[in-house]
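> These are the residues of each chain, in order.
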Amino acid sequence: MLFYIFAALAIVSGAYMVLTRNLLYAGFSLLITLLSIAGIYVLLFADFIAVTQLMVYVGGVLVLILFGIMLSSRVHDKSVLSENVNTVWGTLVAGLILVGLSYNILKANISSLPWLQMTVVDVLGDQKSTVQMIGIKLMTDFVLPFEIASLLLLIALMGAAYIATNKQKV
Amino acid sequence: MEQIPLEHILLLSAVLFSLGILAVITKRHAVVVLMGIELIFNAANLNLVAFSRHDPTLMQGQLFSLFVIVVAAAEAAVALAIVLRVYQHFRTANLNEIATIEN
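Chains A and B, in that order, give the protein sequences.
Counted from 1, the first sequence has number 35 at position 35 by the working numbering; the numbering is strictly sequential.
Going from the second sequence to the working numbering is simple: count from 1 and add 1000.
Certain hints may be false.
So the derived label-pair ranges between C-beta atoms look like this [unchecked claim]: (1) A/91 <-> B/1005: 46 to 52 Å; (2) A/100 <-> B/1100: 34 to 40 Å; (3) A/83 <-> B/1007: 34 to 40 Å.
Selected chain A positions facing chain B (Cβ under 10 Å, derived; list incomplete) [unchecked claim]: (4) 7; (5) 95; (6) 138.
In short, the hints are calculated from the structure, not lab data.
Beta carbons: idealized from backbone N, C-alpha and C, even for Gly.
I would like the entire structure built from these sequences, with the hints used as guidance.
This is the structure we're talking about:
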């Protein structure tokens, strides 16, 4: 089944991102993880979120991260490798979080929640995609968070450009 | 089409979340720590979208995850700008070597 292929791909490349010491390998395995999560979004009937994931994460954030790697390390010396610290404690904490979350998820019996059983799952209504619904929601119920998000993006753009400017040369 | 069980999606999200935590704790290069944070964001988004499948008329989960993606993009831009400035100042991006506030 397609979901398990995507899930295995996401987990394997995420684990490789953590295990490898080379920064560029970590960046490209994060790319594979983000792509498989976009595929899982498509399988969950969230086509607009999947395209947004592709455009924002794969096309934007990952390119930013790769530029960050190239600009913040000299490729010829060892700084393209990142050292690991706190390996034992980190593995312990992450493993405990994983065990606790999995225990709670398996114990909670989520599928028998009443509001999950009431809903019809794989019917999107008359339209085949969620784009129209999301557009209507963004302009009616969620218009205030939408405007605040635009303001936040403007502030982040100006702030990032101001911070990254080299003041000595200008 | 066969239904994907909700527990499996939540378990995948839990695995990705703990991998992100592991990256944040064990890595000492600032950019890799940012990658771990992005992985944590994606794990949270996966949960939101998974539950939004059961909410086809309101779709609050998908809209919430849309705003999470927006905030994550803004965070990544500002954080990478800060990393670049720190690298220009200290000539390193190792978080253990820049643990000082004075210049």
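> Look at each hint and say if it fits the structure.
Here's how the hints hold up against the structure:
1. Checking the proposed 46 to 52 Å range against residue 91 of chain A and residue 1005 of chain B shows it is violated: the Cβ atoms sit about 28 Å from each other.
2. Checking the proposed 34 to 40 Å range against residue 100 of chain A and residue 1100 of chain B shows it holds: the Cβ atoms sit about 35 Å from each other.
3. Evaluation of the 34 to 40 Å hint for residue 83 of chain A and residue 1007 of chain B yields a pass: the beta carbon distance comes to about 37 Å.
4. Interface hint at residue 7 of chain A: satisfied, since its Cβ lies 5 Å from the closest Cβ of chain B, which is below the 10 Å cut-off.
5. Given hint, residue 95 of chain A at the interface with chain B, holds; its Cβ is 7 Å from that chain's nearest Cβ, closer than 10 Å.
6. Proximity of residue 138 of chain A to chain B holds as hinted, the smallest CB-CB distance being about 7 Å (cut-off 10 Å).
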